[in-house]
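K.L.:
Sequence:
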Amino acid sequence: MTEILFYTDAADRVSVAARLCGKAYAQGRRLRVYAAEKDLIEQLDALLWATPATGFVPHCRLRDRWAQDTPVLLDLASEHEGPADVLLNLHPEPPPFLGRFSRLLEIVSRDGEDRLAARERFRFYRARGYALQTHSLAEDR
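Each residue of the sequence shown is one higher than the last, beginning at 3 in our numbering.
Treat the hints loosely; a few may be bogus.
[Stated by the list, open to error] What follows is a set of in silico ranges between Cβ atoms, one per label pair, in the way DEER data are often shown:
#1 99 - 66: 18 to 24 Å
#2 66 - 113: 28 to 34 Å
#3 63 - 30: 18 to 24 Å
#4 129 - 28: 32 to 38 Å
#5 114 - 137: 16 to 22 Å
It should be emphasised that the hints constitute simulated quantities derived from the structure, not laboratory data.
Each residue gets a CB set at the ideal place from its N, CA and C atoms; glycine is no exception.
All chains, full assembly: derive it from the sequences and hints.
P.N.:
Pasting the structure below:
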């Protein structure tokens, strides 16, 4: 069953997402980022190209021709495709294909609306019996 990790109290969801992409890449994992907003994907794409703290993280869009060989995939589609085993959910709703991944990562910002949506996702996952963990990023302030 999919293991679900919530990273709470994030000052900047995109920066945390970039760090998690870098961490997954360093561990040799394949990660897919799922988001509802094109702007969010574009911000993360730019950050993954420019962040020297994590080093370069090879990434592309899910439908790019080299996606099969790229460790981090960025996408807005609601169908699961590709070889990733970790899913980073930046979408406000639970992903419809989450059971296909060994691990699901959720980032919760300090924004009230985002926190409310995250609580709903947490309840959704808990009601379905998923193993849930939370990690506070408050010390990163």
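K.L.:
List, from low to high, the hint numbers that the structure doesn't satisfy.
P.N.:
none
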